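Model the placement of chain B on the given structure of chain A, informed by the hints.
There are 2 protein chains.
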Amino acid sequence: MPSLDKSLVADLPMFAGLGDDDVGAILKEAQSIRYPKGASVFQQDEDAHSFFVLLHGHLRVMKVTPDGQQVVVRFVTPGEIFGIAMAMGRTTYPASALAVVDSVALVWPSPAWPRLVAKHPSLAVNAIQTVGSRLQEAHTRVIEMSTEQVERRIAHALLRLAQQAGRKGEDGIQIDFPISRQDVAEMTGTTLHTVSRILSAWEDQGLVDSGRQRISIRNPHKLFLLAEPPAG
Amino acid sequence: MPSLDKSLVADLPMFAGLGDDDVGAILKEAQSIRYPKGASVFQQDEDAHSFFVLLHGHLRVMKVTPDGQQVVVRFVTPGEIFGIAMAMGRTTYPASALAVVDSVALVWPSPAWPRLVAKHPSLAVNAIQTVGSRLQEAHTRVIEMSTEQVERRIAHALLRLAQQAGRKGEDGIQIDFPISRQDVAEMTGTTLHTVSRILSAWEDQGLVDSGRQRISIRNPHKLFLLAEPPAG
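These protein sequences, in sequence, are chains A and B. Sequential numbering of the first sequence, starting at 1, is according to UniProt numbering. Sequential numbering of the second sequence, starting at 1, is according to UniProt numbering.
Keep in mind that the hints were calculated from the coordinates and are not lab data. Computed from a predicted model, the values in this text were never measured in an experiment. Warning: the hint list may mix true and false statements.
[Claimed, not checked] Distance ranges between label pairs, derived from CB positions:
hint: 1; chain 1: A; residue 1: T65; chain 2: B; residue 2: Q43; range: 49 to 59 Å
hint: 2; chain 1: A; residue 1: F224; chain 2: B; residue 2: G24; range: 50 to 60 Å
hint: 3; chain 1: B; residue 1: G24; chain 2: A; residue 2: P13; range: 27 to 37 Å
hint: 4; chain 1: B; residue 1: P78; chain 2: A; residue 2: K222; range: 27 to 37 Å
hint: 5; chain 1: A; residue 1: V101; chain 2: B; residue 2: G169; range: 51 to 61 Å
hint: 6; chain 1: A; residue 1: L192; chain 2: B; residue 2: V104; range: 32 to 42 Å
hint: 7; chain 1: B; residue 1: D21; chain 2: A; residue 2: L192; range: 56 to 66 Å
[Stated by the list, open to error] Heads up, simulated EDC-like pairs for lysine to aspartate or glutamate below, C-alpha to C-alpha not over 20 Å straight-line:
hint: 8; chain 1: A; residue 1: K222; chain 2: B; residue 2: D67
hint: 9; chain 1: B; residue 1: K222; chain 2: A; residue 2: D67
hint: 10; chain 1: B; residue 1: K119; chain 2: A; residue 2: D22
hint: 11; chain 1: A; residue 1: K119; chain 2: B; residue 2: D209
Beta carbons are placed, not taken as given, at the ideal position from N, Cα and C, and that holds for glycine.
If we strip away everything but chain A, and leave its shape as in the complex, we get (with noise of 0.2 Å):
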């Protein structure tokens, strides 16, 4: 991979703790893809062939239930490892993942993963810090779902699109890629109409902005509290 500055990337969470020569030696065995915004980077069941880490754009990550019903899993930002499906365990993909923005992303054959941990060990702990902050994420969003309201649900998931991919803007933070009310309900476990709802009051009350594809947050201070209200 002779055309990407490598100071482009030693900084990323997974080659934490790597020397340079070592990042090196990683990236020469990866190639660099560009993805059109609405390609599809993989797709759920498909042969675990790959992984990734995002260098640009953003990427959705969703998955069809067997009756047919669409679930956004999580929303892939630049900097992250993603596609490890071999990495833990299997052959498929669990998921599909989708440019929906412009995007590039640095590509290795998934055969490679065993043995790039065997000779950088701090690949594999890297990993299971990055896995193991999805696992809490999941988690949060299972407790979210079993004990509160759509509302405060809507809330926590625009707070945390926000902390992820937000972007200080003139009117409050805008997440910063095409994201809609549709992916939002199916974030959150509701419908788009539940959805509409919501931050059609939120924009009446100055909290949020939003159109088609664009949500800004106006008042992050009131949204926190909707997400959290203060006890007693």
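What follows is chain B alone, placed relative to chain A:
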């Protein structure tokens, strides 16, 4: 740890790919600790001082929300590594673990983790697989809670428990540790009342049999059809 027969633990998934000498060296740093029924192994938000492998018994892992609601995250079965908060980049335990029956665990001090992994990279490779399969499980729960009616969620939860900890008996598959209707409610994001109503109906249909802290699946095939109704 001279009192423990190495052959008892050499087959554990966390030691896959390691030689006898390596396993011996890793075990030498562990203590074996007994947790009588009802004892706490660790508490949510407590300093993550140790990581563990369950040798015998069953643990309930649960999380309390800021407003005091409790959710069962999962049950730990023998052979599982748990409490690896530090490996996941945390300094505290994200949940509490409690012995639901008399249990025994191997216990390592958390600071041993990075050192053991540097020396035995297979440990990290195996831990990613464990954390990865928990992530799959958590996503499955998120998807069930997003898309399924409560009856299907309860059917799925019972089938998963039977797979994890089922013991074949005279009257079907018994879940091999004390489990209450409240536990099932906290695992499926519903109320005790709803679980009781559904389990009573299933008892009338000869699908399950349940008593105080005890659930048996009398007709796994029919329960499976409720969990995964044939398409079309």
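Status of the hints after comparison with the structure:
| no. | hint | in the structure |
| --- | --- | --- |
| 1 | A:T65 <-> B:Q43: 49 to 59 Å | violated, 36 Å |
| 2 | A:F224 <-> B:G24: 50 to 60 Å | holds, 51 Å |
| 3 | B:G24 <-> A:P13: 27 to 37 Å | holds, 33 Å |
| 4 | B:P78 <-> A:K222: 27 to 37 Å | violated, 48 Å |
| 5 | A:V101 <-> B:G169: 51 to 61 Å | holds, 55 Å |
| 6 | A:L192 <-> B:V104: 32 to 42 Å | violated, 50 Å |
| 7 | B:D21 <-> A:L192: 56 to 66 Å | holds, 59 Å |
| 8 | A:K222 <-> B:D67 | holds, 18 Å |
| 9 | B:K222 <-> A:D67 | holds, 18 Å |
| 10 | B:K119 <-> A:D22 | holds, 18 Å |
| 11 | A:K119 <-> B:D209 | violated, 52 Å |
In terms of the numbered hints stated before, the structure departs from hints 1, 4, 6, 11, listed from lowest to highest.
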